[in-house]
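K.L.:
Working from the sequences, and respecting the hints, build out all of it.
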Amino acid sequence: MEKLAQKIIKLKWIIILTVFALTLFFGYQIKYLTINSDVLSSLPDDDPVARLYKDIGTQFGGNDMGMIVLESDDIFKTEVLQHVKQITDSLKYTDGVSTVTSLTNILDIKSSDWGIEIGRLVDEYDLPDNQSELDSLKKNVFSKEMYKGAIVSEDGTATIVIFTLLPDADKQAVAKEIKNKIKAMDLPEKLYFGGLPMMMDDITNLIISDIIWLLPMIFVVIAFILLISFRSSRGVILPLLTAGISAVWTIGIMVIAGYELTIISNIIPVVLLAVGSAYTIHVLNSIIHNKLKDRNQALIQAFSYIIVPVILAAVTTAVGFVSFVFGAYLTMIKDFGIFTAIGILIALILSIFFVPAFISALSMYNKKFEAIQTEKESILSHIILQPLVNLLFKHPKYILTAWSLLLLLSIGSMFLIKTSVNMADYFKDDNPTKVSEKLMQEKFGGSLPVFVVFEGDMQSPDVLNMMIKTEHFMKEDPNIAVTQSVADLVEQMNDAMGEGKSIPDDKAKIEQLWFLLDGQDVMSQLVSDELDKGIIQSKFSSVDSKEIENFTTKMNKFIQENANENYKVELTGLPSVYVKLNDSLIRSQYTSLIIAIIMVLLIVGIILRSLSKGIYATIPVIVTILILFGFMGLTGISLDIATVLVASVALGIGIDYSIHIITGFNSHLKKNGDAEKAIEETIMISGKAIIINVTSVAAGFLVLLFSQIVPLQNFGLLVAISMFGSGFGALTLLPVILILVNRKRKIVANNINN
Amino acid sequence: MKFTISKALMTVLILTGGILFANVQDTSSVLKKMDDVMYSPKDMTGINRIVLIDKNGKEEIREAIMQQKGTDKRMFRFTAPASQSGIAVLSLPNDVMYLYLPAFGKERRISTSVKSQNFAGTDFSYDDMGAETFSNEYTSKLLRTEANVFVLELRPKGRSDYSKIIVNVNKNNYYPELMEFYDKGNKKSKEAKYTFIKIGKYWNASEIEMTDLKKNHTTKMQMSNVKYDTGLTDDDFTVRKLKR
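Order-wise, the sequence lines are chains W and V.
The numbering used here numbers the first residue of the first sequence as 1 and each following residue consecutively.
The numbering used here numbers the first residue of the second sequence as 1001 and each following residue consecutively.
Careful: at least some of the hints might be erroneous.
Capping the alpha-carbon separation at 25 Å, the derived lysine-lysine pairs in BS3-like fashion look like this [as the list claims (entries may be wrong)]:
id	chain 1	residue 1	chain 2	residue 2
1	W	Lys533	W	Lys148
2	W	Lys54	V	Lys1055
3	W	Lys501	W	Lys475
4	W	Lys533	V	Lys1157
5	W	Lys110	V	Lys1243
6	V	Lys1058	W	Lys181
7	W	Lys428	W	Lys580
The set of hints was computed from the structure by calculation and includes no laboratory data.
P.N.:
Right, here's the structure in full:
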């Protein structure tokens, strides 16, 4: 270790220059960083349901669909119709828009005894402008299933303009242009934007806003804590500098590796600043406390003393982040885990190599503030640590009982934990996407797309009849209001031919009805060009996990019961994906936690050279995690894509506090042989470092409360709570265990001696 | 010196005035002549081959026997593909259409007021297939004269889905070579390329290639076995004939 330290000091300028060169290089890469706001792209390709959903969305254009809703007290007013037309026209002539469907341009196909009349519901050149015309339009709209609740809400207060984008259009750019155009119209009606392209624009704004607001905030928070702890400019600058550099490198590596910023990975810099600055703090702290006169020698000694604990702290934390790579469903979660772990290792390397080199190069040695340090130490010691030690020795069993009660309560509440997979829940209540989603749910039968995919001859009576049968079955569910398929259109055309609303038995008839359907815009959204694949499109109105699960189970059962060699039927859509996501949340919580526990136990056990001590060290963290789950159950914070990460992260960071206590206990025990004295000394010395560390990491994560994305807010809050929990556990529960174990050992030893 | 300048100026003024004058004179007559070329035969029969080409270049071919009388009576009787063989469409004036589906053995009347709808899966809208002459529906302006063509800008007189059409009219024979259709956002949305050959005394559009630029979809209408003025009567364009 000393050799390494000497080498570092010798090569200090090379190290510093290399770090700055690499920082420039990686920093330059950030210029090429792109934002991935397409949440669907995060669905895993190896899950057939998710895969099918993505494929169907691409093939039939569902993912390229946007919606604009106008809300007013009454839609059937000339003025409102004029505005709908204005929006419709504006969309129609926007680059990248393929089709537009609205109240003012939707086709109205009437079949009568003699044939078919194809017209428009509203004459766009001569909008209804008197009450009787408006009333008759209203009557017409509400008399047809294809308009009621589809293009105008059932209460007549909202109407929707649906548009599709061309497959090669830049979805987000078009969505943005449309939003701007429509906002510039300054219409009196309330406007809402929905659909994936619109949502993507919104998410991009959220990601940018999080970066713009959270990054400076975390800098200020960490700087403030560092200033209080170190009271020196170097104590503030160095940790921020190394954490900042590690963030730059990490993002740079992300760019080079071809990854984009997502709603989750945008907090990597925040996490790195909160966690990564700690390693530099440890190194600095060690250097400050070394009182050797020879500055260089002091640095070397301090370095050798701190290197193992710092490596241990960083590696366990990295393990916490890597652990959910194995269990996570969404690829953006995996990416977040991998790159945060990489960032942590970079922060570690920087604090080992760069910090000593930097201190040595700039001669930023310890100067004057030892007096203040000791004084502060004593304040902390007198008010918190000394009373704590007294309590520990007087009533170890009370403390154990208190923890046990808390644990029992938590385990009881754990069963109240809910899961949440609804993407709308990612957004705050006042977020435009969330507001639109809610409106879509209330007025237009929900916004969760459901697809039933049929593979087979789309012109065969068999397949079309099965489609109709499936649609009838779907509509029995209260959460399905409208379904659409090519089979409906065939029925409609058959009716127009005067044969009634049914699928003809004769394939030749179907083929000829196709003549009427060919080339209609809607066809490409319902059947493939080769006519070997078709879909039923629908929407599910509930986001309740139970109802979603019931529906998918029921549907899959129905599909199985009606299997036939002429066709293959599959269910997909967001409800199906949500069911998978939900299962995977719980599964990945187990796997990641178990992986993290085993890995941490192994690492700690090896470093401490004792399995039992490894187990003691993990007890406070595991207890904390259980309490955390209890907290989630009690407060109703649900397990979601981000909160599912808390347990592993809490384990990875929280274990550090136990390690500090156990290593301190070991060295003090070696020195004077008295276990109780060793515990007291350990708490008095390491306690301070733990309290500062807990405060800074927790404060760093609490900055996430200001994130625009709800799961990240909860993530920040829960990690902060678990920091307090594991810190407090390391200072109370762990010593109590050590005290009790030692007393028992003493008694056993005494008995043997007697 | 002074004299020279004013003389030059005069010349320019006279020339411009002349061009302007020629403009007003020529434009409407050019369009009229184009209408004459396109709509002059009393009747026409022929084989119409419809080639649909999607954005991936995949082709789908239909064939129909076509009969036309004047500008506003037209009958398509499909012969290929097999599944559509026997389907017949009769278009009559005032947006009335009859469709006959042999598998059902009956006809239906289709009335459509939506002229922007495409005809039977092609890139031609009912508007494009319409019977009205261009000079009745559009006002024209000469944009420029090129080596072989007059370039006209047509603006709709009444309702239309187009804001304007730019037409290249052949200088010698007055048939259109190219039409560019602009939507109301003033963006080019469709483009038709014409190939004309002379059959007897008439110019025949042996191929019209219509491309929907938005969908990147193309329809080629190719005419062969064309015969003119064979004496078709209104009787040939009745529902009874449709079901034949």
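K.L.:
Against each hint, give a clear statement of whether it holds in the structure.
P.N.:
Outcome of the hint check:
Pair hint lysine 533 (chain W) plus lysine 148 (chain W) does not hold up; C-alpha atoms about 28 Å apart against a cutoff of 25 Å. Of the pairs offered as hints, the one joining lysine 54 (chain W) and lysine 1055 (chain V) holds, with about 22 Å between alpha carbons and a cut-off of 25 Å not exceeded. Of the supplied pair hints, the one linking lysine 501 (chain W) and lysine 475 (chain W) holds, its CA atoms being roughly 18 Å apart against a limit of 25 Å. Distance check on the hinted pair: lysine 533 (chain W) and lysine 1157 (chain V) sit about 44 Å apart at the alpha-carbon level, beyond 25 Å; violated.
Taking the CA atoms of lysine 110 (chain W) and lysine 1243 (chain V), the gap is near 23 Å; set against the 25 Å cutoff, the hint holds. Among the hinted pairs, lysine 1058 (chain V) with lysine 181 (chain W) is inconsistent with the structure: their alpha-carbon atoms are about 36 Å apart, more than 25 Å. Taking the CA atoms of lysine 428 (chain W) and lysine 580 (chain W), the gap is about 24 Å. The hint holds against a cut of 25 Å.
Hint compliance for this structure: hints 1, 4 and 6 are not met, and every other hint is.
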